[in-house]
Structure formats: structure tokens, C-alpha cells
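Colleague: Modelling step: build the complete structure from the supplied sequences, incorporating the hints.
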Amino acid sequence: MKVFEEIVQQTKAYYCIDCGICTGSCPVARVNPRFSPRLNVEKSLLQLEGEIVEDRELWSCLTCGTCSYRCPSLVDYQSFVLSSRIEARKAGREGMLTHDGVLKLMMELQTFAFPQTRTGWIPKEVKTSAKGEYLYWVGCLPHFDVIFKDYGTHSLQSAVNALRILNRLGITPVVSPEERCCGHDLLWNGDIESFRKLARYNIGMLKKYGVSKVICSCPEGYRTLKVEYPKLVGDTGVEVIHISQLIAQGIKEGKLFLNPLEQKVTYQDPCRLGRLSGIYDEPREVIRHIPGLQLLEMERNRVDAICCGTTGWVNCTSCSKQIQTDRLKEAISTGAQTIITACPKCKIHFQCALINSDLSIEIKDMLDLIGEVI
Amino acid sequence: MSEYEPRIICFACNWCSYPGADLAGVSRIQYPPNARIIRTMCSARVSPVFVLRAFQQGADGVLVTGCHIGDCHYISGNERAEENMKRTAEILDLLGIGKDRLRLEWVSAGEGGRFAEVMTSFVQQIKKLGKLKLKEI
Chain A
1 MKVFEEIVQQ
11 TKAYYCIDCG
21 ICTGSCPVAR
31 VNPRFSPRLN
41 VEKSLLQLEG
51 EIVEDRELWS
61 CLTCGTCSYR
71 CPSLVDYQSF
81 VLSSRIEARK
91 AGREGMLTHD
101 GVLKLMMELQ
111 TFAFPQTRTG
121 WIPKEVKTSA
131 KGEYLYWVGC
141 LPHFDVIFKD
151 YGTHSLQSAV
161 NALRILNRLG
171 ITPVVSPEER
181 CCGHDLLWNG
191 DIESFRKLAR
201 YNIGMLKKYG
211 VSKVICSCPE
221 GYRTLKVEYP
231 KLVGDTGVEV
241 IHISQLIAQG
251 IKEGKLFLNP
261 LEQKVTYQDP
271 CRLGRLSGIY
281 DEPREVIRHI
291 PGLQLLEMER
301 NRVDAICCGT
311 TGWVNCTSCS
321 KQIQTDRLKE
331 AISTGAQTII
341 TACPKCKIHF
351 QCALINSDLS
361 IEIKDMLDLI
371 GEVI
Chain B
1001 MSEYEPRIIC
1011 FACNWCSYPG
1021 ADLAGVSRIQ
1031 YPPNARIIRT
1041 MCSARVSPVF
1051 VLRAFQQGAD
1061 GVLVTGCHIG
1071 DCHYISGNER
1081 AEENMKRTAE
1091 ILDLLGIGKD
1101 RLRLEWVSAG
1111 EGGRFAEVMT
1121 SFVQQIKKLG
1131 KLKLKEI
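Going line by line, the protein sequences match chains A and B. To convert, note that position 55 of the first sequence is 55 in our numbering; the numbers rise steadily by one, no gaps. To convert, note that position 117 of the second sequence is 1117 in our numbering; the numbers rise steadily by one, no gaps.
What the hints contain is simulated information worked out from the structure, not anything from laboratory work. Hints are not guaranteed to be accurate.
Stated by the list, open to error - Examples of chain A residues lying across from chain B (beta carbon under 10 angstroms, computed):
#1 I17
#2 R56
#3 G65
#4 L105
#5 E108
#6 L109
#7 F112
#8 I122
#9 P123
#10 V126
#11 P142
#12 D145
#13 Y151
#14 L198
In this text, all values refer to a predicted model and were calculated from it rather than measured experimentally. Virtual Cβ for every residue (Gly too), placed ideally from N, Cα, C.
Modeller: Shown next, in the form of C-alpha cells:
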């Protein structure tokens, strides 16, 4: 296969010195001995592409970026997995879908031109506008809210809080009813065709609304809009901002006052926001700014943070549960009562692990926390 | 041009609705032939994915039928189905397909006539809504 030669060239896999730091750092390899990033790179160099494509564990990779970050030879293992998955998909392979595959189907159905009704959740007391400088990117939150009702995660609550906070900051954002799935999960599962369709549509939609800044509250949407879309079409013409950056700035400028809250919390760095986008400080600044709140760090924090155990709604196994419960135990050991996360998926995954264990800790979205104190 | 004939997928449970459809057949009760009936062991087996996939593959409407509440062969399967379909309807609304294209009905094994009635009214409803256009963005 010529393709894999290209993948090796693109990801600089030929630099691999076989040191095994990737596998040693990998949160999946820690609990699943059949999974090894080092071995996969080795296989590509030995031209055993068939084995990589057929391997079911290819879909277990969380693409959290820990291995790429620590690799001394700077092999881009994330891109390696992405390209391998695209090839595997061409060969008719697919990861084991979680939740019966309903999320994947929902993403695929968004590539059809049905007139969506996705702004019905906006309460009357928050202000939105039809045109303006800012657009708030809601992402999958309305869909998650329906599917994960049983988990009690109330994903839409954080979207409502995001709008409330933005209003307090003096921003009246556009919330587009024409927004569609950003395509993050489709892309990472190798469905590049659908991703391209959605990306082109969304970029066209942003141009139509004439916005210059897009505010994301979901780290995956943030990274997709900021990094993946420009890769596809060049300049998208919009500035992509994560909401924590705006809040941190607002606090500095004295636009936002937070009420005191007596609580001990810890912060989970979502992989897409932390390692892959380099936003570590803003969410922490925002959380620390709440008077009376004590932010305790977990042992593995910032670049070393452990991912929430599953990505892209594939291959959620007992290994994922193990990663999640380990992380929850780590959070509990800090003495915190609440884990704060900035990613709706982290919240869902941890909540799921929590329901199935006898651990007790509260999991809260950062925006819900801020929403409580404004 | 002949009148538009919708394509309908009907899920029928093994214990009530499928025999109900059978009874409609052996009693020679007339009803529109638009539906492809798929037998499931229980209406609770019909997950949101079945419904969404049917639409993705070109169905214009999905009818889910099961035992009356309290009559379920598995005691509470149909209650579960009710919950499932309520959620699926919400998803369909979000996606823009519209919850009117999905219907959940209870048909017992003795209600051949009712099966035919339900089917006739559902086909009419879908005819009114028109074809589900699968146009790519």
C-alpha cells in the first residue's frame, strides 16, 4: 500500500527510535495490553499495513495526544491514527459503536438538508441576536441532552449558562438555527467524506451570517473549527475563541463579578482543550477567581492529564471504564467535592462511570459552576 | 402521474401486533400495502437507531406497534418502548425530519381491524406530509 508510505512520511513515523515512551504514557495501553502505539508505528515501518487496518484496537486510541506530546522523535501519532482509520474505513472496517450507534447516525443524518429545529431550548430571559459580530457555537448539546437524559447530565444547561455569561459580558451572540454538527467525531472515525460536507456547509453558514468571531464552549468544536477547518479550506474568515478565554478576559477587565462559593474542586483538562489547543490557564483562572473556592490539582494535570476514557463514540470497553474510575479516584484523593470539566463529553463519560461505581463525587461543567455564581 | 405512494417501515412485536397484522390478513381486511412489516420480539427492541436508519435508507414514515400497556409479554417492554419512542421523536424534531413521521400504536393479537385502521390512517398522514427528501447539503 502506497498510502501507508505517505502516512509514514507525513507523520514522521520513520523517526521512531523504538523507545516505547508512547506506549508507556498511553492511558489505554496501561489497562489494555493488546494496545500499543509503538507497535503500530513499528508495523507501518515494517510495511505490515494490513495488520494495522484489521486490528480492532486501532479504534481504541483516544487520540488524546499524550504520546505525541512526549515522543522524543516528534512522531505525530494522532495524525497517524487518523490516516490509518481513513484507510481502515475504506477497507470496510469500523470501530465498535457505543450507544447502539445512535450518535453516529445522528451525525450522518445532519449531512442531509433537513430544515433543523435546534434553537427551541433558548430561554426567554437570555438575549440573542440575528446578526452581529459574535456567534455562539452550540454543537451537539441539544442532541446530548435528549440521548443522555438518564445520566442526569443536562447538557443543555451549560449552553443556557454560556448564553447567560455572554450576556453578562455584554455580548449578544448569534445562535444559528442552521448550524450543523462540526464533524469532529466523523473525522476522527475516518469518515472524511461526511466531515468535508459538514465543514463546507458550516463555513458557508458562518459566511452567510457575516460573523467575525465564533465562541465555542465545547473543546472538540473549538479545535475542529480552529484547526481542522482551515486545513480543509484555508482561511475560514472567522476567529475562533473558547468561552473560557472570554470569561477570563472579562474578569480581568472587571466586567464580571462572581459571588463567593465555599467548595473544594479539582479541574479535569479535556484533551482537545489542553494538550491539543494549549488552553490550560484560562479555565483555572476563571475557577480560582470565585471567592472561597479552593482549586486542588490532581496528580496528573495540565499536559499530563488523563483523558476521559473514550472518544468519538467508539470502543467503549471495560478498559474505558477502568480509565474513568481511576481518574475519578484520583480526583477524590485530592479531597475535592467536585470535578470541574470544560467538555460536555468528559462530563457524560465520567457521569456514566460514576453511576456504575460506588464512588461519590460531583461532576460539573465549568459553565454551570460560573452560572451558579453570577 | 400516479399518486405518490409513501414507503413505510412498520415494526411489529412478536406477541401482539404481528399476530394482529396476521389476523388482518386472514380476515381479508383491506389496508394500504405501503408498509414493510418487520417483526421484533418486543416493541422495546426497536431502538432509536432502527428508526433513524430507516429514514436514512429512504423510508418516509416509521410505525412502531406493540402490545397494549399491561399486556406486554415481557411485562414492561412496551413502557420502555414508549420512553424510547418519545426520545426518538425529540431526536427527529432536532434533526428536522419531524416527529410526525413516527408513530407508536398498541395493537393486540385480536385486533386485526384496528391494525388495518392504524395503517390506513398512518399512510394518509404520511401522504399529507409528502416524501422525505434526502438531499445532501
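Colleague: The structure should be examined with respect to each hint, and the outcome stated for every one.
Modeller: Against the structure, the hints come out as follows:
1. At about 45 angstroms, the closest approach between the beta carbon of A/I17 and any beta carbon in chain B exceeds 10 angstroms, and the interface hint on this residue is violated.
2. For A/R56, the interface hint is violated, the least distance from its beta-carbon to any beta-carbon of chain B being 21 angstroms, above 10 angstroms.
3. Annotation: interface hint on A/G65 violated; nearest CB of chain B at approximately 30 angstroms, more than 10 angstroms.
4. At about 4 angstroms, the closest approach between the beta carbon of A/L105 and any beta carbon in chain B falls short of 10 angstroms, and the interface hint on this residue holds.
5. Taken as an interface hint, A/E108 checks out: its beta carbon lies about 7 angstroms from the nearest beta carbon of chain B, inside 10 angstroms.
6. The beta carbon of A/L109 comes within 5 angstroms of a beta carbon in chain B, closer than 10 angstroms, and the hint placing it at the interface holds.
7. Contact between A/F112 and chain B, as hinted, is supported at the beta carbon level, the nearest pair being about 5 angstroms apart and thus within 10 angstroms.
8. The interface hint given for A/I122 is violated, since its Cβ lies 14 angstroms from the closest Cβ of chain B, which is over the 10 angstroms cut-off.
9. Because the beta carbon of A/P123 sits about 17 angstroms from the nearest beta carbon in chain B, more than 10 angstroms, this interface hint is broken.
10. Restraint check, A/V126 versus chain B: the minimum CB separation of about 19 angstroms is more than 10 angstroms; hint violated.
11. For A/P142, the interface hint holds, since its Cβ comes within 10 angstroms of a Cβ in chain B; the closest pair sits about 6 angstroms apart.
12. Hint status for A/D145: holds, given a least beta-carbon distance of 9 angstroms to chain B, under 10 angstroms.
13. A least Cβ separation of about 13 angstroms between A/Y151 and chain B goes past the 10 angstroms threshold, and the interface hint is therefore violated.
14. With 10 angstroms as the threshold, the beta carbon of A/L198 comes within range of chain B, its nearest partner Cβ sitting at about 7 angstroms, so the hint holds.
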